[in-house]
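Put chain B with the ligands on the given structure of chain A with help from the hints.
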Amino acid sequence: MNKPDGFLKRIMQAIGAENLSLIIALLAMVALIASQTEFFFSARNLFNIAQNMAVVGLIAVGMTLVIVSAGLDISVGSIAGCASVMTALVVVSTGSVLAGIGISLLVGLALGLVNAGIISFLRVNPVVATLATFSAFRGIAFLIAPGGRPVGVLDPTFAQLGSGRLFQMGEFPGVPVAFVILLVVALGAHFVMSTTVFGRSIYSMGGNPVAARLAGINLTRMRFAIYAISGALSGLAGAIVTARTSSGQPASGTQGLELEAITAVFLGGALLAGGKGTIVGSMLAVLLLATLSNGMNLLGIPTFYQLVAKGLLLVLAVAIGQWRMAHAERVQARLTSTGAT
Amino acid sequence: MQDPILEIRDVGKSFPGVKALSNLSMSVHRGEIVAFVGENGAGKSTLLKILSGDYQLDEGSVLLDGVEASHASPLEARLAGFRLVRQEPEIVPDISVAENIFIGEYPRRSGGRVDFVQMRNTVTDMLRRYGFWGLVDIDASGRSLSPAQMHIVEIMRALKQGVKVVAFDEPTSSLTHDETERLYELIRQLKADGLGIIYVSHRLHEVMEISDRVAVLKDGVPTGDLKTADTTEAHIVSLMVGRELEHGFKREETTRDEVVLEVEGLSSRWHDNISFRIRAGEIVGFAGLVGAGRTELAKVLFGEYQKQAGVVRICGQETRIRSPADAIAASIGFAPENRKAEGLILVRSVIENASMAVYSALSRFGVLRNQQMISAVSPFIERLEIKTPSLTQDVGKLSGGNQQKVVLARWLAANPRLLILDEPTRAVDVGAKMEIYRLMDMLAREGMAIMMISSEMPELISMSDRIIVMNNQKISQPVEKCDATEERIVNMALGTATA
Ligand SMILES: Nc1ncnc2c1ncn2[C@@H]1O[C@H](COP(=O)(O)OP(=O)(O)OP(=O)(O)O)[C@@H](O)[C@H]1O
Ligand SMILES: [Mg+2]
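These protein sequence lines map, in sequence, to chains A and B.
Here the first sequence is numbered in the numbering used here, starting from 1285 and rising by one per residue.
Here the second sequence is numbered in the numbering used here, starting from 28 and rising by one per residue.
Just chain A, same shape as in the assembly (with noise of 0.2 Å):
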């Protein structure tokens, strides 16, 4: 245990041995598009990506919960919708941005619950289901906005949430707000998902529902525990997009964001069968998409090639994952034969 090679070996434990060939990746991506422009590296670049990390990474850990239960939630970039457009009702009619946040939070509950009692109560497929609010919610963002058209806000702390920096010093531009809170629900989304007995229960109920069930747990309960989650985070994601553009968009910025969180995900190491997927991948997943379409924009790929480039990328996520699968078990299959003796 206390060979030179123990401290590696920690490292390795602590990312997880299948989550190497994303940093790699990353890394390779890094290079290339640092090696093309300078400004790449510079503070304020680091600042964009990790602000537009934000939105993407709140609804990637939702997402990861619901697919390793062995679900999908399609209808998430419309929850931020609805929930945008509602916060911004809120903050400028109490003027206070707790309720505005608070609110964003349950409408994005609620609707999560929605999806929950379709799938359980009406035995409809996770796919279809969320296929359907996916359009269903959409129109309600835009029949909650006055005509139909963005609501402002010019709240100045309000803005904070979506603009807002911390631990600014001198040149060190700080900080985003919007990514410390990714930072500490993704941090407590880990620890909930690995050590509670919620988030073991979703890994069990996603590798097989029927064992389970035998295994006493009650699969309802947790869909709907697990839907409200991703539902009350994509809420959430669509206050920061309110407060970043000071208008509450029924449909500009949510629009995409179920694909761009679907494929996090699987970059991320999910299985489409459910029962694998760590929210460290995911989050190091929508750091690459991040920084991928960050550097595309820096190198001037104008926008239709962007979203070719974003269609390939959810199925190499899922073609990556299956290789990934027989790498990682030989990388961990070297770490052990190496540092059990």
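To be clear, the hints were calculated from the coordinates, so they are not data collected in a lab.
Possibly wrong hints are sitting among the right ones.
Unchecked claim - DEER-style ranges, computed between Cβ atoms:
1. L1591(A) x P101(B): 49 to 55 Å
2. R1505(A) x S265(B): 50 to 56 Å
3. Q1452(A) x S387(B): 41 to 47 Å
4. G522(B) x T1479(A): 49 to 55 Å
5. A1420(A) x F42(B): 54 to 60 Å
6. R1505(A) x S302(B): 29 to 35 Å
7. L106(B) x L1591(A): 43 to 49 Å
8. A1315(A) x F42(B): 32 to 38 Å
9. A1420(A) x G474(B): 52 to 58 Å
10. N442(B) x S1447(A): 53 to 59 Å
11. V394(B) x Q1452(A): 50 to 56 Å
12. P101(B) x T1479(A): 39 to 45 Å
Ideal Cβ placement from N, Cα and C applies to all residues, glycine included.
Leaving out everything else, chain B with the ligands in the frame of chain A:
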């Protein structure tokens, strides 16, 4: 002598942390039945999966009918004439039995359409010819099949045109006595047709009865290749285990007065007015044919299926059980027979699978403590001799018998008042079987009530204090241990005798 139809030379195969096979050589001739025996995890299934192309060998070579087949893909292996009847059949739930049998090889009509008529006719012929007609409905969906019926489907899959070697991986572990007899008939027929046959089983009396030669494996290394006629069960066991093992298990009566389970007038879709009780310290065996409703009874008691009438009392208290969670709260445990579908989370680790049912007991404020998890399950993992490179290995990568033991370990760790075991020793080796008997005996001594569903007569008779026979939605009067004979129980199960 003729050239062998299958020849295996110096085959070796490793998995991370495990050397599953090394230096294995053997041959199978036309019309010969070679039995393959060894403890759980000895490498038997691995060899068969190499032959079927599921796994690739690391060393050595395989010749099938004189043709090199060392690195065949599953399709190539099949075309070359090798067919495997798997230990864990893969059944597609939403298609019919006939389609399941022909999956991947549908008979075609012009324009690429499936010839359903020909498919049904062929399947009907096959079931008739091989003596399984009437045991499975060819139009039933895969979902509705019992484990025995799934196995029949799997066997039928193997018997297509062009087959030269058939390997059976524990074919009888989910079959009852009668179905096993039919399987022997079938195997003898295949032997007469000049096929090479490999037969893997933990039931040595079957091996003695059916095989011509026995090959023994221990930890992936061959330890014997004997003519069946020249050897004995005891000798085979000593080659498998590396030591002598006592034969059979003797239990003393440990029944106490306290009634743990009392079922009164229970009716459901599968049962009609059933009443019985199980006392603390008592093991009650449930016998019956496949489809008699024993597994369903277990599931009704465990809350997975709903009852229509009747009362269930646990320790004298009337208890309403609507879900497995309720049952666990009422201190009932249930180790299902179909471990892959109902028992295990194959993509999760040994420790998670073994501790799943006791998560809440092991946690404080919903947070699980790793040390607690390890100390709760590792004694049972050791006692059951579960062969795994580590506690964090995915259960899906263990051998079949070791997977079964993980399900048992889960319920031993949960330590319920009433433990329902559905075919507890299915697919486990002789040594582990003894250990499971010893554990059951110990638990009974400590006052646990055990309901044991089993299709193995010797096990039922030696382990049960009383045996209840199910037949036609009803149960018999319990047969006391002293009155229980194999013949009597079989006759009661068939309905040809009364209690
Ligand atoms: N896919 C796999 N990955 C890792 N290890 C494996 C894999 N398949 C088998 N093993 C290991 O190889 C060894 C041999 O397994 P195998 O399934 O061949 O045993 P077996 O003799 O069929 O046992 P049983 O009687 O329990 O079915 C076991 O230690 C098992 O854990
Ligand atoms: Mg096996």
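task: Determine whether the Cβ-Cβ distance between A1315(A) and F42(B) falls within the hinted range of 32 to 38 Å.
output: Since A1315(A) and F42(B) have Cβ atoms about 35 Å apart, the given range 32 to 38 Å holds.
- prompt: Is 49 to 55 Å right for how far apart the beta carbons of G522(B) and T1479(A) are?
  reply: For T1479(A) against G522(B), whose Cβ atoms are near 54 Å apart, the range 49 to 55 Å holds.
- prompt: Does the hinted range 53 to 59 Å hold for N442(B) and S1447(A) at CB?
  reply: With Cβ atoms ~57 Å apart, the hint holds.
Hint check for S302(B) and R1505(A) - Cβ pair distance inside 29 to 35 Å: With a Cβ separation near 34 Å, R1505(A) and S302(B) satisfy 29 to 35 Å, so the hint holds.
field: C-beta pair L1591(A), P101(B): status relative to the range 49 to 55 Å that was hinted
entry: Hint violated: Cβ distance 39 Å, outside 49 to 55 Å.
query: Okay, A1420(A) versus G474(B) on CB: inside 52 to 58 Å?
result: About 56 Å separates the Cβ atoms of A1420(A) and G474(B), which means 52 to 58 Å holds.
Range hint compliance [Cβ, A1420(A) to F42(B), 54 to 60 Å]: violated (49 Å)
task: Could you see if the CB distance from R1505(A) to S265(B) stays within 50 to 56 Å?
output: Given a distance of about 52 Å, which is inside 50 to 56 Å, the answer is holds.
query: Measuring from beta carbon to beta carbon, are P101(B) and T1479(A) in 39 to 45 Å?
result: holds (40 Å)
Cβ distance range 50 to 56 Å for V394(B) and Q1452(A), holds or violated: violated (36 Å)
task: Using the Cβ atoms, figure out if Q1452(A) sits within 41 to 47 Å of S387(B).
output: About 46 Å separates the Cβ atoms of Q1452(A) and S387(B), which means 41 to 47 Å holds.
query: That 43 to 49 Å hint for L106(B) and L1591(A) (C-beta), does it hold up?
result: holds (45 Å)
The structure fails to meet hints 1, 5, 11 from the earlier list, while all remaining hints are met.
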